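Colleague: This is what each chain is made of:
2 protein chains.
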Amino acid sequence: MDNKHHVVIVGGGFGGLYAARKLKGEKIKVTLIDRRNFHLFQPLLYQVATGGLSPADIATPLRFIFRHRKNVRVIMGEVKCFNPRSKKVVLLDGEVKYDSLIVAAGSGTHYFGNDHWQSLAPSLKGLEDATDIRSRILRAFEAAERETDPARIQSHLAFVIVGGGPTGVELAGTLAEIARDTLKNDFRSINTAAARIILLEGMDRILQTYPVKLSEKAVKSLERLGVEVRTGSFVTDISKNTVTVKRGENQQKISVSTVIWAAGVKASPLGQALAEVTEAKMDKAGRVIVNPDLSVPGYPDIYVIGDLAGFTHQNGKPLPGVAQVAMQQGRYVARLIKSKLHGKASKPFRYKDRGSMATIGRSAAVADLGWLKFSGFPAWLLWLFVHLMYVVEFQNRLLVLMQWANNYFTRNRSARLITFDQANPQMVSGPFENVPEQKDG
Amino acid sequence: MDNKHHVVIVGGGFGGLYAARKLKGEKIKVTLIDRRNFHLFQPLLYQVATGGLSPADIATPLRFIFRHRKNVRVIMGEVKCFNPRSKKVVLLDGEVKYDSLIVAAGSGTHYFGNDHWQSLAPSLKGLEDATDIRSRILRAFEAAERETDPARIQSHLAFVIVGGGPTGVELAGTLAEIARDTLKNDFRSINTAAARIILLEGMDRILQTYPVKLSEKAVKSLERLGVEVRTGSFVTDISKNTVTVKRGENQQKISVSTVIWAAGVKASPLGQALAEVTEAKMDKAGRVIVNPDLSVPGYPDIYVIGDLAGFTHQNGKPLPGVAQVAMQQGRYVARLIKSKLHGKASKPFRYKDRGSMATIGRSAAVADLGWLKFSGFPAWLLWLFVHLMYVVEFQNRLLVLMQWANNYFTRNRSARLITFDQANPQMVSGPFENVPEQKDG
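Line order of the protein sequences matches chains E and L. Mapped onto this note's numbering, the consecutive letters of the first sequence carry residue numbers 3 to 443. Mapped onto this note's numbering, the consecutive letters of the second sequence carry residue numbers 3 to 443.
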């Protein structure tokens with residue numbers, strides 16, 4: 003029992019992490035609650051899904067990050083709901099009292115009412131998703147190598163990525179390089195370069211949030227790598243080995259064994275849980291509409307930040323669900339709480355857009371810095387620099403850089419492991435008639 | 003269809019890998035079959051289980067290893083049985099004809115008739131075992147931090163390792179260091195240094211295969227790290243949170259939430275499958291008794307090597323199931339097959355014992371080179387050198403060395419991730435009454 007101001011933070015993503023970091027001070031104690039024991043550097047998750055980096059390269063134990071911050075306590079636990087009257091966060095197995103509450107629970111994947119697609123077309127949200135997708139991609143090549151039927155070989159060597167946002171673009175580009183470069187010498191029956199990588203986007207262009215010119219550059223870069231980019235294409239059905247795509251009036255079935263979902267994002271269900279008890283409004287994406295200072299209307303001691311916050315930008319548009327926004331909001335709220343403790347007033351939150359970037363394979367990217375838009379190798383170098391700068395806050399900086407340099411120069415990706423749950427080992431997806439004869443070596 | 007001599011190798015462990023590497027030559031083609039798509043550097047598996055290295059650091063895709071060896075084809079598949087009459091290996095989903103067959107299927111874990119202990123006391127065999135054990139260890143500390151009942155805290159902070167061979171010793175030593183050093187600053191309610199690490203060994207001393215003096219040194223090193231070493235102690239029962247140990251006439255129950263099995267090894271069931279069709283004899287451990295040239299009696303074109311081979315050493319003892327033996331046997335059989343193709347005779351296999359080593363924590367080890375036995379820091383340096391030399395055959399050499407140096411100097415272990423199967427997320431093992439108050443920071 004002490005008289006410190008107790009800030010409880012739900013979620014150890016970018017928002018929660020940056021808030022906790024800023025909440026230093028003798029009068030404050032912080033409890034950071036997360037379901038996982040690590041902070042995940044999500045912008046590089048696609049590198050894990052494609053075998054370029056290991057999970058531990060982009061995940062850092064939360065306890066390690068705060069080991070020397072004695073006023074921060076980390077709790078691994080799942081939040082069930084909130085009780086603003088008694089100022090409590092209710093976990094599945096316990097509860098925590100707060101003086102100020104920061105909800106930074108992030109977002110999950112939106113299958114637009116088709117949740118049964120999840121097992122057929124996994125999305126790239128967590129570490130386990132990434133290693134699952136990695137296994138599926140590699141298993142598809144293994145199955146193709148074992149197969150004798152030409153149609154089935156083609157289906158094993160087809161990869162559909164649904165959604166032309168940054169994640170979809172990054173996955174498609176990297177996958178194309180894996181097929182054409184990394185695996186070039188690995189197989190004896192199939193030609194991995196014959197793999198088809200199809201990127202589907204419902205709107206009229208990929209990278210919607212970027213300037214039109216950069217979208218066009220991105221398409222060119224992707225096509226140079228051999229990716230088929232199809233805009234205006236909606237997925238209407240996914241079943242085992244088939245994706246049905248609607249484009250205008252046309253329906254088409256694509257025979258494909260690997261589908262990756264990079265399309266929709268929906269806010270964490272904790273947004274709903276919070277809205278229920280605070281009567282806050284939610285937007286269509288399930289985000290909690292917050293005040294200009296990111297607090298929940300009527301509850302000046304509860305803040306929502308990051309992907310879960312419905313905050314309208316100075317230009318009238320809602321802020322996108324990106325790391326930049328979450329970091330800035332985390333820092334803002336931390337400062338705000340400290341100011342309030344000192345009885346000072348604060349300005350409303352203002353987002354400072356530092357630009358956005360997406361990579362396309364190993365040496366191309368598009369960058370939109372607002373005052374400058376560019377693409378190609380310079381954009382890729384900038385992307386690399388910025389990402390390393392942020393990874394640099396983690397102890398793995400040097401290791402990631404080396405792994406990267408190694409991948410870049412050797413075109414190898416060493417983390418090409420097919421791992422699986424012991425209880426449910428999914429083998430190469432046979433049955434096969436037989437083992438094909440080896441072509442002469 | 004060609005007239006090359008087709009060597010089929012079952013298993014991509016040390017034996018199979020070294021055989022395939024040696025089987026160069028224009029007249030030979032090789033098919034290497036493994037259930038997994040990678041070769042695993044098992045001697046460092048305990049480092050993955052304790053968060054020091056990532057899975058990809060010690061696993062290399064088999065296809066990558068043989069990418070430039072056009073006469074080697076890799077097949078990911080599960081072998082069901084053998085048909086020596088038609089010279090076929092039968093997979094779950096296909097079959098492969100051979101001219102010569104090398105069975106190098108290795109070994110699994112022996113629970114001495116208590117297979118139901120497996121889920122309570124996992125063993126360290128594959129990569130998934132290692133990440134599972136890693137999660138269990140970390141989850142135990144998380145649970146202790148959340149707990150308020152002193153007895154249950156103690157049980158969460160108790161770790162029992164069953165089996166005082168090299169793996170058990172290495173795990174115990176590393177675990178002690180994690181508790182005392184790595185996690186020192188990470189928790190706010192518990193004192194991680196109060197963790198009990200108990201190493202149980204049924205025989206009268208640990209490291210049975212080493213000279214008595216080195217066993218004694220190992221005990222001293224372990225005790226210096228705070229490990230309780232209990233010899234002559236048999237596990238008679240394992241249930242959730244309790245291990246029952248018999249020592250002489252005494253039975254004792256230890257309250258413990260994490261048990262790791264490092265005790266028994268049994269040969270792969272493929273040994274049995276091979277013995278059935280060849281009428282070969284098996285030893286008590288399920289290994290196939292082989293001729294002095296490692297061939298199966300009556301079948302000069304079938305060889306068994308590595309952990310699966312029951313081969314009696316020149317000194318009358320069966321060879322131990324270690325990487326050294328498998329590597330030498332793999333190389334020997336490869337040379338033998340090539341000699342036979344050239345119509346030359348060969349000498350029987352002779353094992354050249356280069357010694358054995360085991361580490362105890364981050365800077366102690368015991369080494370028995372036959373002509374020289376030593377321990378402590380020099381032994382640890384030698385251990386490091388030898389292991390890196392072998393890892394050096396993999397592209398990750400530099401990365402592993404750096405990771406190691408980093409772990410060594412910072413006492414950190416960056417791969418401390420609690421990962422789980424999405425379908426079955428095992429949370430911290432509550433329920434807890436409440437979240438304990440934070441001690442003053």
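The hints are simulated quantities; they were obtained by calculation from the structure and are not laboratory data. These figures come from a predicted structure and were not determined experimentally. Glycine included, C-beta positions come from ideal geometry on N, C-alpha and C. Fair warning: there could be bad hints in the mix.
Once the Cα atoms are required to be at most 25 Å apart in a straight line, the calculated SDA-like pairs of lysine to any residue come out as [what the hints assert, rightly or not]:
1. Lys127(E) <-> Met284(E)
2. Lys242(L) <-> Glu80(E)
3. Lys342(L) <-> Val279(L)
4. Lys99(L) <-> Asn193(E)
5. Lys268(L) <-> Glu80(L)
6. Lys99(E) <-> Arg71(E)
7. Lys82(L) <-> Lys342(L)
8. Lys127(L) <-> Glu130(E)
9. Lys349(E) <-> Gln326(E)
10. Lys89(L) <-> Gln274(L)
11. Lys82(E) <-> Lys72(L)
12. Lys90(E) <-> Phe189(L)
13. Lys268(E) <-> Arg71(E)
14. Lys99(E) <-> Gln274(L)
15. Lys186(L) <-> His8(E)
16. Lys82(E) <-> Lys268(L)
17. Lys222(L) <-> Gly372(L)
18. Lys6(L) <-> Gly115(E)
19. Lys24(E) <-> Lys6(L)
20. Lys215(L) <-> Lys99(L)
Simulated DEER-style distance windows between Cβ atoms [stated by the list, open to error]:
21. Ala153(L) <-> Lys354(E): 51 to 57 Å
22. Tyr410(E) <-> Asn187(L): 33 to 39 Å
23. Glu278(L) <-> Gln120(E): 40 to 46 Å
24. Gln274(E) <-> Ala195(L): 52 to 58 Å
Colleague: Holds or violated: Lys215(L) and Lys99(L), Cα atoms, limit 25 Å.
Modeller: It is violated: about 51 Å lies between the C-alpha atoms, which goes past 25 Å.
Colleague: Taking 25 Å as the top limit, are the C-alpha atoms of Lys24(E) and Lys6(L) close enough?
Modeller: Violated - the C-alpha atoms of Lys6(L) and Lys24(E) are around 68 Å apart, more than 25 Å.
Colleague: Straight-line Cα separation of Lys342(L) and Val279(L) no greater than 25 Å?
Modeller: With Cα atoms ~24 Å apart, Lys342(L) and Val279(L) stay inside 25 Å; holds.
Colleague: Given the hint that Lys90(E) pairs with Phe189(L), test it: the Cα-Cα distance must not exceed 25 Å.
Modeller: holds (22 Å)
Colleague: Holds or violated: are the alpha carbons of Lys89(L) and Gln274(L) at most 25 Å from each other?
Modeller: Cα-Cα ~18 Å, so holds.
Colleague: Does Met284(E) sit within 25 Å of Lys127(E), going by the straight-line distance between their CA atoms?
Modeller: holds (22 Å)
Colleague: Could you see if the CB distance from Glu278(L) to Gln120(E) stays within 40 to 46 Å?
Modeller: Taking Cβ atoms as reference, Glu278(L) and Gln120(E) lie about 43 Å apart, which means the hint holds.
Colleague: Given a hint of 51 to 57 Å, does the C-beta separation of Ala153(L) and Lys354(E) actually sit inside it?
Modeller: holds (53 Å)
Colleague: If you draw a straight line from the CA of Lys6(L) to the CA of Gly115(E), is it 25 Å or shorter?
Modeller: violated (56 Å)
Colleague: Would you check the hint for Lys349(E) and Gln326(E), treating anything up to 25 Å between C-alpha atoms as holding?
Modeller: holds (19 Å)
Colleague: Cβ-Cβ distance between Gln274(E) and Ala195(L): within 52 to 58 Å?
Modeller: At roughly 43 Å between Cβ atoms, Ala195(L) and Gln274(E) fall outside 52 to 58 Å, so the hint is violated.
Colleague: Is the hinted pair Lys268(L) and Glu80(L) satisfied, with a Cα-Cα distance of at most 25 Å?
Modeller: holds (19 Å)
The structure shown violates the earlier hints numbered 7, 11, 13, 14, 16, 18, 19, 20 and 24.
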